[in-house]
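Keeping the supplied structure of chain B fixed, place chain H with the ligand upon it in accordance with the hints.
In order, the protein sequences belong to chains B and H. No gaps in the numbering here: position 162 of the first sequence is 145 in this note's numbering, and each next residue is one more. For this note's numbering, count along the second sequence from 1 and bump the result up by 1268.
Keep in mind that the hints are not guaranteed to be accurate.
Unchecked claim - Coverage of chain H stretches by chain B, computed from C-beta distances (three or more under 8 Å per stretch; other residues unrestricted):
(1) 1321 to 1328
(2) 1356 to 1365
(3) 1604 to 1618
(4) 1663 to 1675
(5) 1678 to 1687
To be clear, the hints were calculated from the coordinates, so they are not data collected in a lab. Glycine residues also receive a C-beta, built at the ideal position from the N, C-alpha and C atoms.
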Amino acid sequence: MTMLTLVFLLLLLAAPDAAAGPLDHPGYAKAFSCSACHGFAGNSRSATMPILAGMNTAYLKKALQDYASGMRPSPEMEPYSKMAIHLGVDDVAGYFAAQTKQPTPIAADAAAVARGRTASQVCVACHGPAGKGDPAKNVPDLTGQPAAYLAHQIQLFKADRRSPGDPALKQLKEVMKAVPDNQIADLAAYYSSLR
Amino acid sequence: MNVTRRQFLRTTGFGVAAVGALGGCAPALKGDFAPKTGKRVVVIGGGWGGATAAKYVRLGDPSIEVILLEPNKEFISCPFSNLVLSGIRTLDSMTFNYGRLRGHGVRIIHEAAGSIEPAAKRVRLGEGWLQYDKLIVSPGVEFQYEQVQGLREAGDRVLHAWKAGPQTVALANQLQSMQDGGVVVMSVPPVAYRCPPGPYERASQIAWYLKTKKPRSKLIVLDANPNVVSKTALFRKAWEAYPNLEFRGSNKVVKVDPGARTVTTELGDTVKYDVVNVIPPQRAGTIAVDADLVGADKRWCEVNHVTYESVKHKDIHVIGDSTIGLPVPKSGNVANAMGKISAAVVVAMLNGRPVPQMPPGNTCYSWVSDKEAIAVVNVYRIDNGKVVQIEQKLTPAQSPAVAANSLGWAQSIWNDVIG
Ligand SMILES: Cc1cc2nc3c(=O)[nH]c(=O)nc-3n(C[C@H](O)[C@H](O)[C@H](O)COP(=O)(O)OP(=O)(O)OC[C@H]3O[C@@H](n4cnc5c(N)ncnc54)[C@H](O)[C@@H]3O)c2cc1C
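The shape of chain B in the complex, shown without the other chains (with noise of 0.2 Å):
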């Protein structure tokens, strides 16, 4: 046996829920053509595509609305939502809420994330002091999102421009209006940082 063969093989045995099969939930045939932006599983790799993978359910059901109703605009979203919804949204939201998160692989600046740690404590009372959010309050989970999508979405709540005029998120976009720019690559890497 190579030595390859033997990693491979090694990794094959540590791969999770090996007897269920990756393609075995019920919401994947409803949710496949996400990973084409969102990466396999909702485990996007890249700096601009948001993880979808292990997202709060009823997070993800609001998101998929908001783009659909146009609230939140994106030329990208705007017809993805649609179509989940009319397969099944909540088999969609079942399918990424079952998936294991795999944080983004795409490493923060030490000195950024230090920063962005001492900016954050106006984030605390509603994300969380670890971010993860309030599931019961729609609030998300930001820890290992890639930075690039946590700091271009900071700076769209900052201009008003996602869900602008959205009256539920008027006390986030007070505090958003505050962050100085110099600060929203910081925040971003901080929560990017985050496990």
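Coordinates of chain H with the ligand only, in the frame set by chain B:
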């Protein structure tokens, strides 16, 4: 901005995988050179559709043996290859090996399938054959050189660069060595052809390159179609930045003369060039035509909208650019979707389970400068066994944010196809 190949390899674990650990088959292609023991799926073509299908059959049911036939040793992505022409990216940054596919247990034979025998359920290779239970065919497009007089004889002197590879690099080199003040001519074939917005993305990239590096040069686009076929308003808007781009609709190129360096249109106009790019008219890959999978037009393959089974031959599923009749563009994104769908269908059929109803989706990003991109998104549903569009959506304007998303798309979908 660029996700370099090395970064990509690092972040996905590409390259370290089981290159040569599995497979490594150098078959003597005689007789039944790989006798079938259990259930077997043979896949013809390791491009966007076929590579995806091969991988996903294995993910869906690892007890099924999957043999992929693909003559090329490397997978080179057509998406993003227009950016090689403008020097924004290297071809190397979109070239991948088949190691990860082998890691999924796909047996790869780097040979072209010779022919298909639907009745015997065999694929011919060299002097031998392979037996299959299900065959998935994704051979892409073939060029109809005969539609442009002088094109076949011109050989490498007139490039298509419509299958990413050496021709892409050769065309980039021609553009680079052209003197300032030169005229570049490119032709767009009549629909249906691979990647509807592709020629206009290419025109944008060449125009950007000329404007930046060779400001006295110009680009003439001779389009067989009356107008820009896809994302029309967005391309037209982008081209306001390129006064060096002259678009001529309803100007089908019917003749090329590399000696005189001219092309001739159907209207009889002769246009002189310094660099030429003729994108020839297209049809399904030759093996699909030879296997009688094409319709009366002898160009494209009609399939069932749910199973992708050929309407002409049982147990042969055709996917990707070779298909016709679904309201979808010939895109890598659609080929990838069809790969996943056909894999799920074939796994279900071989296990006697009900066939899933899985509609495809599509996104085509196009770069209109070195920094900005536009996109079109299509989503579909299945109505009474037919694929119908739910919605088509365009980006409101060109932007760097769309370009950033396109990089995310590329990384994710390359990984989905070949990772
Ligand atoms: C310049 C350009 C830009 C593009 N940009 C985009 C884009 O941004 N987004 C997008 O979604 N799409 C894009 N496309 C389209 C995309 O590349 C195609 O739609 C996609 O490649 C189709 O996949 P396929 O599997 O049908 O064919 P291919 O990917 O071409 O794969 C076919 C494979 O079959 C093999 N083959 C052929 N005959 C045989 C045989 N007899 N035996 C074995 N193997 C065989 C070939 O070697 C080839 O590898 C672009 C295309 C071009 C040319």
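Each hint, compared with the structure:
1. 1321 to 1328: holds (count 3)
2. 1356 to 1365: This one is violated; 0 residues, fewer than the three required, reach chain B with a Cβ under 8 Å.
3. 1604 to 1618: Since 5 is at least three, the answer is holds.
4. 1663 to 1675: Three-residue rule met by the stretch 1663 to 1675 of chain H, so holds; n is 7.
5. 1678 to 1687: Check passed, 6 qualifying residues.
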